[in-house]
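The primary structure of each chain is shown beneath.
Protein chains: 2
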Amino acid sequence: MREMVIATYRLRLGPGDVLEQKGEQIALGQTVGAWTPVRDAHPEIWAQHRGEVVSVAQEADAGIARVAFPTANCEPDLPSLLTMVFGKVSLDGWIKLLDLEFPPAWLAQFPGPKVGIAGLRRRLGVAEAPLTMAIFKPCVGLSAEQLGAMFYELASGGLDLVKDDEILPDLPTAKTERRLEACLAAAGRVKRETGRTVLYAVNLTGPVDMLRERARRLQSQGATCLLFNVLAYGWGALEALARDPELTTPILAHPALSGGLCGAPDHGMSYSLVLGRMMRLAGADLVLYPAHYGTFPFPAEEEFAIRDALRQPMGSLAPAWPGPSVGIHPGMVPRLLADYGRDVVINAGGGIHGHPRGAQAGARAMRQAVELALAGRPFTEPLPSGHGELAVALTHWGVA
Amino acid sequence: MREMVIATYRLRLGPGDVLEQKGEQIALGQTVGAWTPVRDAHPEIWAQHRGEVVSVAQEADAGIARVAFPTANCEPDLPSLLTMVFGKVSLDGWIKLLDLEFPPAWLAQFPGPKVGIAGLRRRLGVAEAPLTMAIFKPCVGLSAEQLGAMFYELASGGLDLVKDDEILPDLPTAKTERRLEACLAAAGRVKRETGRTVLYAVNLTGPVDMLRERARRLQSQGATCLLFNVLAYGWGALEALARDPELTTPILAHPALSGGLCGAPDHGMSYSLVLGRMMRLAGADLVLYPAHYGTFPFPAEEEFAIRDALRQPMGSLAPAWPGPSVGIHPGMVPRLLADYGRDVVINAGGGIHGHPRGAQAGARAMRQAVELALAGRPFTEPLPSGHGELAVALTHWGVA
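Chains as they are written, first to last, in my numbering: chain A, 9 to 408; chain B, 9 to 408.
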């Protein structure tokens with residue numbers, strides 16, 4: 009019995025195209041074949057290494073083909089896997105890679121989330137509640153001291169995590185180590201004043217062959233979370249971080265660039281595969297992506313498919329946190345909890361900083377929104393006392 | 009004067025969308041802004057770090073926006089650059105990144121091709137002629153000895169390079185070091201017998217944080233060219249190879265996965281940016297991509313834009329070799345030379361292996377086609393004597 013990875017493609021069929029043939033072309037072309045019959049074809053090699061069409065299903069002017077590939081044809085990492093299932097065929101017109109299914113034994117070779125849902129709850133001391141996170145806005149050009157002050161403002165308002173914006177790399181205006189120092193100091197102050205742990209997701213950037221070393225250095229300095237632009241730096245870079253036994257800092261994966269790979273209906277790969285299954289496989293503990301009720305056009309079914317790929321059973325891999333983002337504000341919290349339950353990170357930038365009374369009030373409003381929603385209370389006036397910042401937020405942004 | 013990178017986007021406009029506003033949203037959102045006005049906006053930071061719209065041009069239901077970004081906002085590498093110009097905004101509906109323009113001083117921080125067109129000609133001892141290359145087909149499952157024998161068959165037929173198929177990683181059936189050994193021995197035999205140098209592009213694979221070390225080891229073992237699936241392993245991985253002063257082996261960039269990023273009209277990035285400008289910037293010496301007359305649907309204007317991005321002046325960067333591929337056979341050579349001139353690598357798989365008399369005859373036919381085309385002779389019967397394999401190829405595949 010050959011151990012197989014099954015890839016599901018959606019193909020657009022032109023006049024005269026036959027779905028079974030298109031599937032067969034992928035099964036051969038991505039394993040043992042060429043576009044023209046090769047004289048010296050070795051039957052015993054074909055038997056061991058050729059791909060095979062598992063099933064096809066015709067739609068109107070498109071079709072779904074499921075093709076199985078022997079794991080014996082690739083190395084156990086995402087770059088090698090992706091080259092096998094989608095490398096050359098990605099160029100063959102209208103074709104979209106929708107999903108990958110893995111045999112459990114092969115899956116076990118991947119790191120998966122090292123901290124995951126349970127681990128992050130332990131580090132934060134938050135047993136059941138959804139988590140809340142804010143983004144530094146603005147951030148590019150601010151000094152480490154200014155960012156540290158912003159961290160304090162947000163963290164003291166009651167959030168669980170504060171993250172760098174993904175566009176903030178290692179700039180002379182706020183070197184990574186310097187802003188980590190400033191934000192850790194602010195987190196320490198919040199801990200002393202309130203007893204609450206607030207993590208800082210610092211953006212890990214730099215030459216790819218030095219990332220693991222940089223991550224270790226940031227961890228030694230006390231980093232509590234690493235933000236990582238996975239698609240910019242590559243799947244292999246995330247895998248390398250996750251496979252390093254010395255690195256135990258949770259990794260927050262950002263969806264930067266994913267629209268270019270996943271946004272088109274007939275090309276590329278599905279969001280749930282890229283931001284869900286593959287991020288988890290490669291070792292992300294928390295993944296951000298646009299919520300469908302936010303400011304980016306994002307289909308609800310894609311959002312929920314990502315959520316499910318991150319949390320539902322997947323071999324021996326731990327579940328990862330879904331982080332619906334972009335245009336989130338406190339008035340959306342009841343809807344988020346209805347869609348996600350409690351294992352969700354609610355992440356906001358403008359929806360906290362844009363609060364009419366400032367960022368700290370915005371953080372308070374978000375915290376109050378989570379408490380009120382968890383208590384099952386309606387978001388209608390008059391709100392219970394102690395929810396003043398939320399009331400202002402709801403007047404400003406409404407209830408979504 | 010701020011040093012700026014200019015990004016050109018094509019945007020689809022919905023009802024009510026104003027192109028100038030969309031451009032402005034990118035200029036702000038990818039630098040200093042958020043989706044909602046932020047209380048504490050710092051005017052002096054805006055002045056230094058904000059992006060700005062350079063120009064817009066309206067098309068029917070779309071528009072072109074050129075947006076300038078301060079290089080002070082990112083690190084001098086492609087992952088950081090791409091996060092800045094396309095990270096989050098890639099998710100904002102129908103938007104395609106068409107091109108990037110760089111200030112020369114900033115460009116000079118990138119490695120670019122270390123061997124390039126002139127260097128590869130020197131290594132091969134081929135002063136003026138176009139180069140020819142064959143791909144191992146089939147390859148997955150063959151032993152190192154079988155691949156070495158195939159190398160001899162192809163190389164003795166008269167080619168300049170032979171490459172691994174991109175789907176051949178470090179498999180137990182033919183470990184990378186073992187097949188390098190076998191192919192180098194075959195290349196040595198061809199050198200002794202014919203005096204001709206034939207390079208072997210061996211596929212560089214493995215954990216991303218070990219790639220540089222592996223490349224150095226393969227180079228020590230005598231590797232003459234490295235095949236690299238750049239989009240699978242990441243831009244940063246190519247940059248790391250190119251920036252390593254110890255590594256002087258030419259790098260052949262494969263377009264695997266590029267269809268997923270470039271194939272859609274309204275999402276992702278243009279082929280000429282990804283396979284042309286960025287590959288060259290990151291250090292590829294030779295780039296493969298589909299020719300428009302091959303078996304993959306590929307627009308001629310995309311193909312020629314890649315060609316031009318690889319060869320035309322680009323700051324201080326050396327030019328790189330264009331490698332039109334996929335479905336190439338000897339009958340296409342006159343057309344290829346008309347489109348490319350002499351600085352081109354003609355790359356064929358099935359168009360060599362599928363020759364009715366076998367792979368060595370296919371290699372001879374390709375060599376004969378180049379000689380005949382260079383001599384300006386027509387590809388019509390009767391061919392001059394000594395062109396028997398070409399005559400068979402033309403009967404089999406025709407003249408394209």
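Hints were generated in silico from the structure; no laboratory data involved.
Ideal Cβ placement from N, Cα and C applies to all residues, glycine included.
Accuracy of the hints is not assured; some may be wrong.
[Said to hold, decoys possible] Facing chain A, from chain B, some residues (calculated, C-beta under 8 Å): (1) S63; (2) D107; (3) D178; (4) T213; (5) G271; (6) P298; (7) Y301.
[Claimed, not checked] Cut-off 20 Å, straight-line C-alpha distance, at most; resulting in silico cross-link-like pairs (SDA-like, lysine to any residue): (8) B:K183 with A:S151; (9) B:K199 with B:K122; (10) B:K183 with A:E83; (11) A:K183 with B:P327; (12) B:K183 with A:I53; (13) A:K183 with B:E83; (14) A:K122 with A:I53; (15) B:K122 with B:A346; (16) A:K122 with A:P342; (17) A:K183 with B:R129; (18) A:K183 with B:P78; (19) A:K183 with B:D25; (20) A:K183 with B:I53; (21) A:K122 with B:P215; (22) B:K122 with B:F304; (23) A:K183 with B:P84; (24) A:K122 with A:G323; (25) A:K122 with A:P112; (26) B:K183 with B:K122; (27) B:K122 with B:P84; (28) B:K183 with A:A80; (29) B:K183 with A:P112; (30) B:K122 with A:V352; (31) A:K183 with A:P112; (32) A:K183 with B:A80; (33) B:K122 with B:G323; (34) A:K183 with A:S151; (35) A:K122 with A:R222; (36) B:K199 with B:S164.
[What the hints assert, rightly or not] Covered by chain A, according to a simulated footprint, are these stretches of chain B (three or more residues, beta-carbon under 8 Å): (37) 87-97; (38) 184-195; (39) 283-290.
Here is what the structure says about each hint:
The beta carbon of B:S63 is not positioned within 8 Å of any beta carbon in chain A (closest approach about 23 Å), and the interface hint is therefore violated. Because the smallest distance between the Cβ of B:D107 and any Cβ of chain A comes to about 14 Å, over 8 Å, the interface hint for this residue is violated. Hint on B:D178 holds. Least Cβ distance to chain A is approximately 6 Å, under the 8 Å limit. With a cut of 8 Å, the hint placing B:T213 at the interface with chain A holds, because the nearest CB-to-CB distance is about 6 Å.
The restraint placing B:G271 at the interface with chain A holds, with a minimum CB-CB distance near 4 Å, inside the 8 Å limit. Contact between B:P298 and chain A, as hinted, is supported at the beta carbon level, the nearest pair being about 6 Å apart and thus within 8 Å. At about 13 Å, the closest approach between the beta carbon of B:Y301 and any beta carbon in chain A exceeds 8 Å, and the interface hint on this residue is violated. For the suggested pair B:K183 and A:S151, the alpha carbons sit about 50 Å apart, so the restraint of at most 20 Å is broken.
Between B:K199 and B:K122, the direct Cα distance comes to roughly 25 Å. Violation of the 20 Å bound is thereby established for this hinted pair. In summary, the hint linking B:K183 to A:E83 is supported, as the alpha carbons are separated by about 11 Å, within the 20 Å threshold. As the CA atoms of A:K183 and B:P327 are separated by approximately 35 Å, the hinted pair breaks the 20 Å bound. Of the pairs offered as hints, the one joining B:K183 and A:I53 holds, with about 16 Å between alpha carbons and a cut-off of 20 Å not exceeded.
Distance restraint check for A:K183 and B:E83: the Cα-Cα separation of roughly 11 Å lies within the 20 Å cut-off, and the hinted pair is therefore satisfied. A threshold of 20 Å between alpha carbons decides the hint, and for A:K122 with A:I53 the separation of about 38 Å lies outside it, so the pair is violated. The suggested pairing of B:K122 with B:A346 is violated, with an alpha-carbon distance near 27 Å, which exceeds 20 Å. The hinted pair formed by A:K122 and A:P342 fails the criterion: a straight-line CA distance of about 30 Å is larger than 20 Å.
For a cut-off of 20 Å, the pair hint linking A:K183 to B:R129 is broken: about 44 Å separates their Cα positions. Note on A:K183 and B:P78: the hinted pairing holds, with a Cα-Cα distance of about 17 Å set against a maximum of 20 Å. Restraint check for A:K183 and B:D25: the C-alpha separation of about 38 Å exceeds 20 Å, so the hint is violated. Simply put, A:K183 and B:I53 have alpha-carbon atoms about 16 Å apart, close enough for the 20 Å limit, and the pair holds.
About 18 Å separates the Cα atoms of A:K122 and B:P215, which keeps this hinted pair within 20 Å; it holds. Pair hint B:K122 plus B:F304 does not hold up; C-alpha atoms about 30 Å apart against a cutoff of 20 Å. Taking the CA atoms of A:K183 and B:P84, the gap is near 15 Å; set against the 20 Å cutoff, the hint holds. Straight-line distance between C-alpha atoms of A:K122 and A:G323 comes to about 14 Å, which keeps the hinted pair within the 20 Å bound.
For a cut-off of 20 Å, the pair hint linking A:K122 to A:P112 stands: about 18 Å separates their Cα positions. For the suggested pair B:K183 and B:K122, the alpha carbons sit about 27 Å apart, so the restraint of at most 20 Å is broken. Taken as a hint, the B:K122 and B:P84 pair is honoured in the structure, with Cα atoms around 18 Å apart against an allowance of 20 Å. Restraint check for B:K183 and A:A80: satisfied, since their Cα atoms lie roughly 13 Å apart, inside the 20 Å limit.
At most 20 Å may separate the alpha-carbon atoms for a hinted pair to count; B:K183 and A:P112 exceed this at roughly 25 Å. Restraint check for B:K122 and A:V352: not satisfied, since their Cα atoms lie roughly 48 Å apart, outside the 20 Å limit. Distance check on the hinted pair: A:K183 and A:P112 sit about 42 Å apart at the alpha-carbon level, beyond 20 Å; violated. A hinted pair counts as satisfied when its Cα atoms are at most 20 Å apart, and A:K183 with B:A80 qualifies at roughly 13 Å.
Among the hinted pairs, B:K122 with B:G323 is consistent with the structure: their alpha-carbon atoms are about 14 Å apart, no more than 20 Å. Pair hint A:K183 plus A:S151 holds up; C-alpha atoms about 8 Å apart against a cutoff of 20 Å. Note on A:K122 and A:R222: the hinted pairing holds, with a Cα-Cα distance of about 18 Å set against a maximum of 20 Å. Taken as a hint, the B:K199 and B:S164 pair is honoured in the structure, with Cα atoms around 9 Å apart against an allowance of 20 Å.
Check on the region 87-97 of chain B: 9 of its residues sit with their Cβ under 8 Å from a Cβ of chain A, so the three-residue criterion for coverage holds. For the region 184-195 of chain B, the assignment as covered by chain A is violated, since 0 residues bring a beta-carbon within under 8 Å of that chain's beta-carbons and 3 are needed. Coverage of the region 283-290 of chain B by chain A is violated [criterion: at least 3 residues with CB-CB distance below 8 Å; count 0].
Hint compliance for this structure: hints 1, 2, 7, 8, 9, 11, 14, 15, 16, 17, 19, 22, 26, 29, 30, 31, 38, 39 are not met, and every other hint is.
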